[in-house]
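Engineer: Here's the letter readout for the chains.
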Amino acid sequence: MSAPELVTVTIDERSVQVPKGTGIVETAAAAGIEIPVFCYEPRLGAAVGACRMCLVEVEGMPPKPQAGCTLFAQDGMVVKTARTSEMARVAQNATLEFILVNHPLDCPVCDKGGECPLQDLTFRYGPGNTRMTFDKRTFEKPIPISPAISIDRERCILCYRCTRFSESVSEDNQLVAVNRGAQTMIATFEDEPYTGAFTGNVTELCPVGALLPTQPRFEIRPWEFQAVPSVCGLCPVGCNIDVDQREGKIKRILSRNHPEVDEGWLCDKGRFGFSHLYAEDRITDPLRRVRSRGLEEISWEDALDDAERLLREANGRIAVALSGSETTEDAYALAKLVRKGLGAHTAMLPEEIGGGLDAFRAPLSAIRDAELIVVLGEDPVVERAPIVDLWLRKARRAGAEIVEIGPAGDVQIAPGTTARACRKLKSGELGDRLRASERAILIWSGGGAGGGSHLAALATDLGFADKPGCGAFFLPETANGRGVAEAWAAASDDEGPEPEPLGLLIVSGDEAAANPNVRALAEQAERVLAITMFHSLAVGWADLVLPGTSYLEREGTYVNVEGRIQRLRRTAIPPAPDELAWIAQLASRFEVELSPSPSLVFAELSERVFGGVTYEDLGEEARLPDRVPLEAAPAESADEPVPAKAPGGTLQLLRYRPLFSGAAVERVPELQFQRPAPEIELSVKDAKRLGVRRGEPVSVRSNGTSVQLRAAINKRLKAGVARIADDHARDLHPTVEVSK
Amino acid sequence: MADVIVLANADERDLRQLAEYRAVGGYTQLERVRSLEPAAIIDELNTANLRGRGGAFFPSGRKMQFIPPKEQIPKPHYVCVNADESEPGTFKDREIMNRVPHRLIEGSLIAAHAIDSQHVFIYIRGEYLDAFETLRTALDDARGAGLFNGVTVVLHRGAGAYICGEESGLLESLEGKRGQARSRPPFPAASGLYASPTLINNVETIATIPKILELGGAEYAKIGAPPDSTGTRLFCLSGNVVKGGNYELPMGITIREVIYDLGGGIPDGRALKAVIPGGSSMPILTADQIDVPLEHDALRALDTFLGAAAVIVVDDRACMVQLGLRVAQFYMHESCGKCTPCREGTRWMVQLLEAIEAGDATHSQLDLLLDVCDRILGKCLCPLGDAAAMPVASYVVKFRDEFRAHVDQGGCPFGGESSLEGLFAPVDQHTHHPVAEVPA
Ligand SMILES: Cc1cc2nc3c(=O)[nH]c(=O)nc-3n(C[C@H](O)[C@H](O)[C@H](O)COP(=O)(O)O)c2cc1C
Ligand code: SF4
Ligand code: SF4
Ligand code: SF4
Ligand code: FES
Numbered sequence: 001m002s003a004p005e006l007v008t009v010t011i012d013e014r015s016v017q018v019p020k021g022t023g024i025v026e027t028a029a030a031a032g033i034e035i036p037v038f039c040y041e042p043r044l045g046a047a048v049g050a051c052r053m054c055l056v057e058v059e060g061m062p063p064k065p066q067a068g069c070t071l072f073a074q075d076g077m078v079v080k081t082a083r084t085s086e087m088a089r090v091a092q093n094a095t096l097e098f099i100l101v102n103h104p105l106d107c108p109v110c111d112k113g114g115e116c117p118l119q120d121l122t123f124r125y126g127p128g129n130t131r132m133t134f135d136k137r138t139f140e141k142p143i144p145i146s147p148a149i150s151i152d153r154e155r156c157i158l159c160y161r162c163t164r165f166s167e168s169v170s171e172d173n174q175l176v177a178v179n180r181g182a183q184t185m186i187a188t189f190e191d192e193p194y195t196g197a198f199t200g201n202v203t204e205l206c207p208v209g210a211l212l213p214t215q216p217r218f219e220i221r222p223w224e225f226q227a228v229p230s231v232c233g234l235c236p237v238g239c240n241i242d243v244d245q246r247e248g249k250i251k252r253i254l255s256r257n258h259p260e261v262d263e264g265w266l267c268d269k270g271r272f273g274f275s276h277l278y279a280e281d282r283i284t285d286p287l288r289r290v291r292s293r294g295l296e297e298i299s300w301e302d303a304l305d306d307a308e309r310l311l312r313e314a315n316g317r318i319a320v321a322l323s324g325s326e327t328t329e330d331a332y333a334l335a336k337l338v339r340k341g342l343g344a345h346t347a348m349l350p351e352e353i354g355g356g357l358d359a360f361r362a363p364l365s366a367i368r369d370a371e372l373i374v375v376l377g378e379d380p381v382v383e384r385a386p387i388v389d390l391w392l393r394k395a396r397r398a399g400a401e402i403v404e405i406g407p408a409g410d411v412q413i414a415p416g417t418t419a420r421a422c423r424k425l426k427s428g429e430l431g432d433r434l435r436a437s438e439r440a441i442l443i444w445s446g447g448g449a450g451g452g453s454h455l456a457a458l459a460t461d462l463g464f465a466d467k468p469g470c471g472a473f474f475l476p477e478t479a480n481g482r483g484v485a486e487a488w489a490a491a492s493d494d495e496g497p498e499p500e501p502l503g504l505l506i507v508s509g510d511e512a513a514a515n516p517n518v519r520a521l522a523e524q525a526e527r528v529l530a531i532t533m534f535h536s537l538a539v540g541w542a543d544l545v546l547p548g549t550s551y552l553e554r555e556g557t558y559v560n561v562e563g564r565i566q567r568l569r570r571t572a573i574p575p576a577p578d579e580l581a582w583i584a585q586l587a588s589r590f591e592v593e594l595s596p597s598p599s600l601v602f603a604e605l606s607e608r609v610f611g612g613v614t615y616e617d618l619g620e621e622a623r624l625p626d627r628v629p630l631e632a633a634p635a636e637s638a639d640e641p642v643p644a645k646a647p648g649g650t651l652q653l654l655r656y657r658p659l660f661s662g663a664a665v666e667r668v669p670e671l672q673f674q675r676p677a678p679e680i681e682l683s684v685k686d687a688k689r690l691g692v693r694r695g696e697p698v699s700v701r702s703n704g705t706s707v708q709l710r711a712a713i714n715k716r717l718k719a720g721v722a723r724i725a726d727d728h729a730r731d732l733h734p735t736v737e738v739s740k
Numbered sequence: 001m002a003d004v005i006v007l008a009n010a011d012e013r014d015l016r017q018l019a020e021y022r023a024v025g026g027y028t029q030l031e032r033v034r035s036l037e038p039a040a041i042i043d044e045l046n047t048a049n050l051r052g053r054g055g056a057f058f059p060s061g062r063k064m065q066f067i068p069p070k071e072q073i074p075k076p077h078y079v080c081v082n083a084d085e086s087e088p089g090t091f092k093d094r095e096i097m098n099r100v101p102h103r104l105i106e107g108s109l110i111a112a113h114a115i116d117s118q119h120v121f122i123y124i125r126g127e128y129l130d131a132f133e134t135l136r137t138a139l140d141d142a143r144g145a146g147l148f149n150g151v152t153v154v155l156h157r158g159a160g161a162y163i164c165g166e167e168s169g170l171l172e173s174l175e176g177k178r179g180q181a182r183s184r185p186p187f188p189a190a191s192g193l194y195a196s197p198t199l200i201n202n203v204e205t206i207a208t209i210p211k212i213l214e215l216g217g218a219e220y221a222k223i224g225a226p227p228d229s230t231g232t233r234l235f236c237l238s239g240n241v242v243k244g245g246n247y248e249l250p251m252g253i254t255i256r257e258v259i260y261d262l263g264g265g266i267p268d269g270r271a272l273k274a275v276i277p278g279g280s281s282m283p284i285l286t287a288d289q290i291d292v293p294l295e296h297d298a299l300r301a302l303d304t305f306l307g308a309a310a311v312i313v314v315d316d317r318a319c320m321v322q323l324g325l326r327v328a329q330f331y332m333h334e335s336c337g338k339c340t341p342c343r344e345g346t347r348w349m350v351q352l353l354e355a356i357e358a359g360d361a362t363h364s365q366l367d368l369l370l371d372v373c374d375r376i377l378g379k380c381l382c383p384l385g386d387a388a389a390m391p392v393a394s395y396v397v398k399f400r401d402e403f404r405a406h407v408d409q410g411g412c413p414f415g416g417e418s419s420l421e422g423l424f425a426p427v428d429q430h431t432h433h434p435v436a437e438v439p440a
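Heads up: the protein sequence lines correspond to chains A and B, in order. Going by my numbering, the first residue of the first sequence is number 1, and it counts up by one from there. Going by my numbering, the first residue of the second sequence is number 1, and it counts up by one from there.
Wrong hints could be hidden among the right ones.
In silico DMTMM-like links for lysine to aspartate or glutamate, alpha-carbon gap of 25 Å or less [stated by the list, open to error]:
| # | chain 1 | residue 1 | chain 2 | residue 2 |
| --- | --- | --- | --- | --- |
| 1 | A | Lys424 | A | Glu371 |
| 2 | A | Lys141 | A | Glu670 |
| 3 | B | Lys75 | A | Asp369 |
| 4 | A | Lys467 | A | Glu640 |
| 5 | B | Lys177 | A | Glu260 |
| 6 | B | Lys177 | A | Glu41 |
| 7 | A | Lys249 | A | Glu670 |
| 8 | A | Lys467 | A | Glu404 |
| 9 | A | Lys80 | A | Glu26 |
| 10 | B | Lys177 | A | Asp172 |
| 11 | A | Lys136 | B | Asp428 |
| 12 | B | Lys177 | A | Glu171 |
| 13 | B | Lys70 | A | Glu401 |
| 14 | A | Lys426 | A | Glu640 |
| 15 | A | Lys80 | B | Asp374 |
| 16 | A | Lys136 | B | Asp374 |
| 17 | A | Lys20 | A | Glu34 |
| 18 | A | Lys394 | A | Glu260 |
| 19 | A | Lys64 | B | Asp297 |
| 20 | A | Lys424 | A | Glu636 |
| 21 | A | Lys64 | B | Glu357 |
| 22 | A | Lys64 | B | Asp374 |
| 23 | B | Lys75 | A | Glu371 |
| 24 | A | Lys64 | B | Asp367 |
| 25 | B | Lys70 | B | Asp116 |
| 26 | B | Lys177 | A | Asp191 |
| 27 | A | Lys467 | A | Glu631 |
Source of the hints: derived by calculation from the structure; they are not laboratory data. All values derive from a computational prediction rather than experimental measurement.
Sequences and hints are given; from them, build the entire structure.
Structural biologist: Given below as structure tokens:
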């Protein structure tokens, strides 16, 4: 690409050079001059020029103030802001006066106070007094627009950021303006709750205290907050966040824009999920199973003694079930302890990803720039890696072609055949176009283990390795599945036999503890040591429970979907020592050398698997490591067995793990309304055949289990397939019968 | 009469009938120009110096020239006919649609040819049920007669918003969105309906085109007050005048002639107090200014505009504060709510005018009212804010004594004797439900 043409613009007598077409607000900023804005927010699409805060004078344009946010740098342009133009000064002052005539000015009780652009700009550009002597417009306030967000319409300045977000970023079209003129107000259609994966972003976009999260109502005193930069650990995207805490307790989570990862958006799980830290059933002390009395609290000294005994007694017949939510360092520590100290090499990794993807590494933002995107797989992207869904929407708006191949795709395939479909892409028309494109992206979203290796094989074949604009993403199911797998592998090169019979099962983390396969294994194990955060996950089956900590309470690193290594910080004081501290202590009892300091563990690990980058190198805005060229053709995992076609009259069950599920979400009251409705999605054909209409109750049966669900018709779903969220599919078998 | 253009022959014949319209040469221009290069049509309009009749007086040929060629923007091109006519005091487009619907259709099809478009949308004010039905029948007849030649014409009813007459609000509404103005640039010519090149013209502008082509641009340009105000206008004469109604007249005729020679003067021998020359959004003229010719340049010299050529006659019973309030209430009601100065300012204007009328205001609040108008003027996203601020400010400036009297006397000097009869409908009468009767 040729370098963009530079133009010279004069702002308040200062001359500045910017690429042609740069926005005037940005141009002024480059000259060190502020053009104040409310409605302008480039991430929401083209400027709308609504609030009139940015009015400036431009030489050669009609003799009236111009909305700076709608202008672009042209060579020789001369712009005067309120600093040098009386016209602009009066205009900006007028805008603020007009905004304030009907503003309640309830700053003292407003949660936005102290970080409110309206307060700040009024101070800098506004009138010092009011000439308004009449009744202000009033609205009922505040009103919940959902259990998570409330709206104060009196404070709203109608910048339309929230509605534009809803219309052109999340594309859910739920937030709208109703009524007209001075009575205009923001609402949801028919006052239905604002639902969706991304609603919370409007609380950050709102430039006043109109849209506020309900979680910390009246607790926000921004100047008393301490913002700790960290990374969200609830999905493989790894959005960059600022965690606001006061007195060691988290009050809210805000985005911390990483332009390549999240562009400043968060999903609601990541934003509102933190309150699970304060759930009532949080485990704060070690627990020991006492036959007659269930679990009893014990001291940490006793707990470590118990743990040591369990480890020794198992005599190496140990397996570790990992969650994928451990930090890379915790997973490495645990691995080193059992592998080096006890010669136990058996792990149940959270998922099998498959190697080779690092050769096609690209930032998530490459999706936005792509012209052709193929999404393979069975799970809706938004349920696995929500922000990727936003990148895809952005790409589509920019004109990209997106082909979805899956049971509910543009190209419909049967569940369990994703690997085959992936291989098929090497030939055929679509494959040719992928091969020809310089900006093509492949995404694998669920649908069998080892997808990463299938994807890598395809990307190799398509020549993606030599095309920096092309990339391949495997969306893991867990936030740090990649890091955990690397850590496990890095701890030792030895291998060992499967323990038989299993002496001790170490269950690390809540996801593993909730996994039915892990539970089944636990039943065969002589002893179980569980590390979990919550009582209900541990009772009944563990012999020793050590309190777990959350991603918000630990130092360490996560490896995200791109292969980017990002740092987590301790943003809140955990109620128990973190894992690394006690694993290190335990390790010393087995003569395994292990530092309790995450940075030192990282250094050791990095030497082995991350090319020696240091903890400090990662920084606050981690950069994407370079591509690692493939030495040999990637070894493709074997295909999963294709499930047998459902016999006539029955449907093949397609389950998915919803975004709003899991141990954290279950403990956040504000997220309950977001959990999936008890629905079964049917194809148009099957619905017709069964004579069911949308919303009708149906009974879903398999082998003696039966669930009552509401029918939903999914026009994109393949006939013969029924999709149900895990929460509702529960014990159903892979083949189900549906009837009215 | 040679100078009847848009309504030509409509007095003698029922031009709603396709056969009658054809009998007076209807659709021959369409058939003739279809074999011409678009540029030839545009040249003719430029020679005629046809200017927009919707209010902004923009040269119509130039507007067509702004439409980029298909090679440059390979998207469908659209023609939108603005039939939303909602400015208080205007009712000319309604008469055109009711009486010469085929002339509008012919003009639309010619405009479509001129910009290489296959799609015409006619956005008609929702309350205009009569015009809607007349136009629909005429469209059916013309379509049936094979006159469309592959062009689709969609007749779309509005739902009762003045802002949907503003071109960008109209486009939003046509796209099925909330009627709000768009920021420009991009202008509709480059990115209008569905982000495609779009020509938007007023009904009268479009309905003038066939006759211009028939007469020839040069001939047309001799009518009226050349060089800028060529041709005729349908003047909507209303208010306190004996014979209100639409009068198609060459531009340049004086207000005095319109009121006294054609309109029969003021009823009951009352005195003229003021005249609004172009519709409710235009600055007012006092009784001593009525010798001004109704054409662009002369009115500009008096700081007002011809607008949509709605001449509203105000007699001496009118309280100017009440009139200002009525106007301000209309614009407050119709503000789309998108930009701050108009949304908040019009409400504040109404509050100030109410206080003045009630005798609760101070002298400084008269200045405040002017300042509020000034703080709206030129600072809004679309011209609706100006449309509220300009007239009200002109009332305060030109009838300052009357405003002062309200303050000094602690109430309206008319003491309940004033009358706004016939001067725009009060705002509650604008609160309409045009969708009550949806024809199938
Ligand atoms: C608030 C507002 C309302 C308007 N309403 C109308 C209308 O009802 N009809 C109309 O033709 N033009 C109306 N206009 C003018 C249009 O924006 C546009 O200029 C016009 O349709 C262009 O056509 P013309 O060039 O043929 O005049 C309005 C403008 C504004 C600012
Ligand atoms: S609620 Fe907030 S973001 Fe939405 S329009 Fe009002 S001020 Fe803007
Ligand atoms: S998208 Fe993922 S990383 Fe981002 S906030 Fe949501 S759960 Fe956290
Ligand atoms: S001037 Fe009024 S009508 Fe026009 S955009 Fe602003 S609020 Fe809407
Ligand atoms: S910031 Fe430019 S109009 Fe709002």
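Engineer: Hint by hint, note whether the structure agrees.
Structural biologist: Hints and how they fare:
1. Lys424(A) x Glu371(A): 21 Å, holds
2. Lys141(A) x Glu670(A): 19 Å, holds
3. Lys75(B) x Asp369(A): 23 Å, holds
4. Lys467(A) x Glu640(A): Violated, because 30 Å separates the two Cα atoms, which is more than 25 Å.
5. Lys177(B) x Glu260(A): Not OK: Lys177(B) and Glu260(A) at ~33 Å, beyond 25 Å, violated.
6. Lys177(B) x Glu41(A): The hint holds at about 21 Å.
7. Lys249(A) x Glu670(A): 18 Å, holds
8. Lys467(A) x Glu404(A): 22 Å, holds
9. Lys80(A) x Glu26(A): 14 Å, holds
10. Lys177(B) x Asp172(A): 15 Å, holds
11. Lys136(A) x Asp428(B): 22 Å, holds
12. Lys177(B) x Glu171(A): Satisfied, since the Cα-Cα distance of roughly 14 Å is no more than 25 Å.
13. Lys70(B) x Glu401(A): Roughly 24 Å between the alpha carbons, so the hint for Lys70(B) and Glu401(A) holds.
14. Lys426(A) x Glu640(A): Holds, because 19 Å separates the two Cα atoms, which is no more than 25 Å.
15. Lys80(A) x Asp374(B): Given pair Lys80(A), Asp374(B) holds - Cα atoms ~20 Å apart, limit 25 Å.
16. Lys136(A) x Asp374(B): With Cα atoms ~21 Å apart, Lys136(A) and Asp374(B) stay inside 25 Å; holds.
17. Lys20(A) x Glu34(A): At roughly 19 Å apart (the allowed maximum being 25 Å), Glu34(A) and Lys20(A) satisfy the hint.
18. Lys394(A) x Glu260(A): Distance of about 13 Å is within 25 Å: holds.
19. Lys64(A) x Asp297(B): 21 Å, holds
20. Lys424(A) x Glu636(A): It holds: about 14 Å lies between the C-alpha atoms, which stays within 25 Å.
21. Lys64(A) x Glu357(B): Measuring from Cα to Cα gives roughly 32 Å; hence the hint is violated.
22. Lys64(A) x Asp374(B): 12 Å, holds
23. Lys75(B) x Glu371(A): Roughly 20 Å between the alpha carbons, so the hint for Lys75(B) and Glu371(A) holds.
24. Lys64(A) x Asp367(B): 21 Å, holds
25. Lys70(B) x Asp116(B): 8 Å, holds
26. Lys177(B) x Asp191(A): At roughly 19 Å apart (the allowed maximum being 25 Å), Asp191(A) and Lys177(B) satisfy the hint.
27. Lys467(A) x Glu631(A): Holds. Lys467(A) to Glu631(A) sits at ~17 Å (cutoff 25 Å).
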